[in-house]
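Protein chains in written order, with the working numbering: chain X, 2 to 112; chain W, 3 to 116.
Since the hints were derived computationally from the structure, they do not count as laboratory data. Don't take every hint at face value.
Said to hold, decoys possible - For lysine-lysine, the following DSS-like pairs were computed, each having C-alpha atoms within a straight-line distance of at most 25 Å:
(1) K79/W / K58/W
(2) K2/X / K62/W
(3) K58/X / K79/W
Bear in mind the structure is a predicted one, so any value in this text is a computation, not a measurement.
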Amino acid sequence: KAGVTQTPRYLIKTRGQQVTLSCSPISGHRSVSWYQQTPGQGLQFLFEYFSETQRNKGNFPGRFSGRQFSNSRSEMNVSTLELGDSALYLCASTQNTDTQYFGPGTRLTVL
Amino acid sequence: GDSVTQMEGPVTLSEEAFLTINCTYTATGYPSLFWYVQYPGEGLQLLLKATKADDKGSNKGFEATYRKETTSFHLEKGSVQVSDSAVYFCALSKSSGSARQLTFGSGTQLTVLP
Numbered sequence: 002k003a004g005v006t007q008t009p010r011y012l013i014k015t016r017g018q019q020v021t022l023s024c025s026p027i028s029g030h031r032s033v034s035w036y037q038q039t040p041g042q043g044l045q046f047l048f049e050y051f052s053e054t055q056r057n058k059g060n061f062p063g064r065f066s067g068r069q070f071s072n073s074r075s076e077m078n079v080s081t082l083e084l085g086d087s088a089l090y091l092c093a094s095t096q097n098t099d100t101q102y103f104g105p106g107t108r109l110t111v112l
Numbered sequence: 003g004d005s006v007t008q009m010e011g012p013v014t015l016s017e018e019a020f021l022t023i024n025c026t027y028t029a030t031g032y033p034s035l036f037w038y039v040q041y042p043g044e045g046l047q048l049l050l051k052a053t054k055a056d057d058k059g060s061n062k063g064f065e066a067t068y069r070k071e072t073t074s075f076h077l078e079k080g081s082v083q084v085s086d087s088a089v090y091f092c093a094l095s096k097s098s099g100s101a102r103q104l105t106f107g108s109g110t111q112l113t114v115l116p
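Between the sequences and the hints, there should be enough to build the whole structure, so can you do that?
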């Protein structure tokens, strides 16, 4: 079974731009979560989607948003990028259990 | 709120040495506990898990036991290899209704020297 895939793997943007990251979960998994990893703050939960509905959200500003499609693929969007948004963004999927499986991440650099 | 505290790193060991990475947690109720490993330039890989008190998770020679009385989930391996060099994260998952999220520790960098 293919694992969680994320595209693109690397991204460079400038301040003020917006960015969209994509995540395809493991086949049959309907829950997708997003996490931000930075050296200073570690791993922080962004949001979780299940059946196209956001059912949990972390403590991030409204510039961070996401959505999920009917095939369970998910996207997250960050608008008005700031330097501090530079991070590794990780997507995880689960078959609606506590065990989450992670993708390789998208490395976002904001200049 | 829920939290996970991990042993400060980095940890440097010689090959075949014994490894312990301490992890304690604070949470109400009965969380599931996990160890994830991250190799350079990669995402997180699930190493092992335990879902209830006294459960022992094990994988690839690594073990951890869910101790509710001490709120701990320490990671151990009897004989480490150079290929075990990575960052290790302890995490807990607690469902709130149907929603789920992982709360992570700060990670412990392990370097194994030949």
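Going down the list of hints, with the structure as the test:
| no. | hint | in the structure |
| --- | --- | --- |
| 1 | K79/W / K58/W | 13 Å, holds |
| 2 | K2/X / K62/W | 21 Å, holds |
| 3 | K58/X / K79/W | 35 Å, violated |
This entry does not satisfy hint 3, going by the numbered hints stated previously; all others are met.
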